[in-house]
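Working from the sequences, and respecting the hints, build out all of it.
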Amino acid sequence: MCLAIPGRVESIDFPFAIVSFGGARKRIRIDLVEDVKIGEYVLAHAGLAIQKLSEEEVMEIEKLWEEMMEE
Amino acid sequence: MRREIISKLSKQIKELSDQLEREIRIMHLCGTHEDTISKYNLRDLMPENIRLISGPGCPVCIIPDTDLQKIFHLIERKSIILTTFGDMARVPFEEKSLQYYSSRGFDVRVVYSVFDAIEIARKSDKPVVHFGIGFETTMPSTASAIIDGVSNFYVYSAHRYFLPAMDFLLSLGEIRIDGFINPGHVSTIVGSNAYIPLFKKYGIPQVIAGFEPEDVLLAIKIMLRALIKDELGVFNEYRRVVRPEGNLKAKEAMKEVFGVDDWEWRGFGTVPESGAPIKKKYEDQDALKFFEDVFEDFIPKEDRRKRACRCGEVLRGLIMPNECKLFMKACNPKSPVGPCMVSFEGTCNVWAKYGRY
Ligand code: SF4
Chain A
22 MCLAIPGRVE
32 SIDFPFAIVS
42 FGGARKRIRI
52 DLVEDVKIGE
62 YVLAHAGLAI
72 QKLSEEEVME
82 IEKLWEEMME
92 E
Chain B
20 MRREIISKLS
30 KQIKELSDQL
40 EREIRIMHLC
50 GTHEDTISKY
60 NLRDLMPENI
70 RLISGPGCPV
80 CIIPDTDLQK
90 IFHLIERKSI
100 ILTTFGDMAR
110 VPFEEKSLQY
120 YSSRGFDVRV
130 VYSVFDAIEI
140 ARKSDKPVVH
150 FGIGFETTMP
160 STASAIIDGV
170 SNFYVYSAHR
180 YFLPAMDFLL
190 SLGEIRIDGF
200 INPGHVSTIV
210 GSNAYIPLFK
220 KYGIPQVIAG
230 FEPEDVLLAI
240 KIMLRALIKD
250 ELGVFNEYRR
260 VVRPEGNLKA
270 KEAMKEVFGV
280 DDWEWRGFGT
290 VPESGAPIKK
300 KYEDQDALKF
310 FEDVFEDFIP
320 KEDRRKRACR
330 CGEVLRGLIM
340 PNECKLFMKA
350 CNPKSPVGPC
360 MVSFEGTCNV
370 WAKYGRY
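First to last, the protein sequences are chains A and B. Counting in my numbering, the first sequence runs from 22 upward without gaps. Counting in my numbering, the second sequence runs from 20 upward without gaps.
The hints are simulated quantities; they were obtained by calculation from the structure and are not laboratory data. Every residue, glycine too, gets a C-beta built ideally from N, C-alpha and C. It is possible that some hints are incorrect.
Stated by the list, open to error - Cβ-Cβ distance ranges computed for the label pairs, FRET-style: (1) B:Lys-115 <-> A:Arg-48: 28 to 34 Å; (2) A:Lys-84 <-> B:Gly-192: 40 to 46 Å; (3) B:Pro-352 <-> A:Lys-47: 24 to 30 Å; (4) B:Lys-220 <-> A:Arg-46: 43 to 49 Å; (5) A:Pro-36 <-> B:Arg-21: 33 to 39 Å; (6) A:Phe-42 <-> B:Ile-215: 30 to 36 Å; (7) A:Pro-36 <-> B:Val-279: 24 to 30 Å; (8) A:Lys-47 <-> B:Lys-33: 37 to 43 Å; (9) A:Lys-47 <-> B:Glu-193: 37 to 43 Å; (10) A:Glu-31 <-> B:Asp-316: 47 to 53 Å; (11) A:Glu-88 <-> B:Lys-33: 20 to 26 Å; (12) B:Leu-337 <-> A:Glu-91: 36 to 42 Å.
Here you go:
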């Protein structure tokens, strides 16, 4: 239920967007996150984008962990 | 690469745990965390004195039978389309579930999101009632749908605020908890600052964590280090997603639509300020208000089949699923007795799925 997954915004028909989750496309509502653009990443839960993510936060997760591990 | 991170973190946890000579009990608060822990067998990676306990983080599980019976009561009496999430449709009360009603010709539809329910309402003349469940992660989507105001769309709100349950659990004082792993996606909405009052009240450290095994291990490491240094507080391992203030727009939408009330949780009794009823301003879309007369003769019953089910104790972190006599015998994923075996976020279901027994 509280599972949320990151996906890439492919097209926008505000307040909805087509978001690709590793190839699977879903219609996601995006108006509760600050101005989302095509190509950006969002974290979606039950049809709603609940957070915007930077590309680094999606793609370089391992780097983030390693940094935190050294803290 | 990832295996390296995991083994390095396990080593760090082992070293830290050696400095703590007592048993450390860490409770997580999210079914998805239980999934990660069971899937990657993180309990086996833990040093002997570190215990990972599962808490009330399953929105389907904590919905009391009263809500379920009210929904049954409604669909038996009114010609409506009922929409709900998949897990909820399979929770039994006596011999019935929403799936059972569907098989008997009642119009029950499983949806992926509340917005699918709105689309159904737009295409139908019948009233569409959405059985709204979930914590703060899910509430903003229901709030948006209500604000949209489609005229034949109604919500039965069984939404509950999560933080009051943490407070209530600690106030019961029946379990010793040294630290919480806080739910990453509830936190995405409420923000890390939201937990500070709870920390101030009880002094129990909390680490907000993501859902990869690395995230959970990092959270445990942060927790142990805080305990050793006696520098307690609210920590955020999931900084790539969770901001201190949370998601302001989502919080605003939630506040616009939902009030606060003392509501019952399965296994907890009444949890002060944990319920999210629909505000008067939106009562035209509140199923409880619109179908008020239907509920006049409603009297909740007890499901005798569930007497031996210990789901409530599982949710309060008092027992593990294999301490229930029915686990994997009379109660299994194919024929679940309690919701903790139905929901993908229920600890009993997760243990069954990964064969942790
Ligand atoms: S195994 Fe089944 S009966 Fe036992 S606590 Fe879990 S859900 Fe309830």
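How the hints compare with the structure:
1. B:Lys-115 <-> A:Arg-48: 28 to 34 Å: Once the Cβ atoms are compared, 32 Å apart, the range 28 to 34 Å for Arg-48 (chain A) and Lys-115 (chain B) holds.
2. A:Lys-84 <-> B:Gly-192: 40 to 46 Å: holds (42 Å)
3. B:Pro-352 <-> A:Lys-47: 24 to 30 Å: Holds: the Cβ-Cβ distance is about 26 Å, inside 24 to 30 Å.
4. B:Lys-220 <-> A:Arg-46: 43 to 49 Å: Holds, since Lys-220 (chain B) and Arg-46 (chain A) (Cβ atoms, about 45 Å apart) stay within the stated range.
5. A:Pro-36 <-> B:Arg-21: 33 to 39 Å: For Pro-36 (chain A) and Arg-21 (chain B) the Cβ distance comes to about 36 Å; the hint holds.
6. A:Phe-42 <-> B:Ile-215: 30 to 36 Å: Holds: the Cβ-Cβ distance is about 33 Å, inside 30 to 36 Å.
7. A:Pro-36 <-> B:Val-279: 24 to 30 Å: Given about 27 Å between the Cβ atoms, the range holds.
8. A:Lys-47 <-> B:Lys-33: 37 to 43 Å: This hint holds: roughly 41 Å between Cβ atoms.
9. A:Lys-47 <-> B:Glu-193: 37 to 43 Å: holds (42 Å)
10. A:Glu-31 <-> B:Asp-316: 47 to 53 Å: 51 Å Cβ-Cβ, so the 47 to 53 Å window holds.
11. A:Glu-88 <-> B:Lys-33: 20 to 26 Å: holds (21 Å)
12. B:Leu-337 <-> A:Glu-91: 36 to 42 Å: holds (38 Å)
The structure meets every hint from the earlier list without exception.
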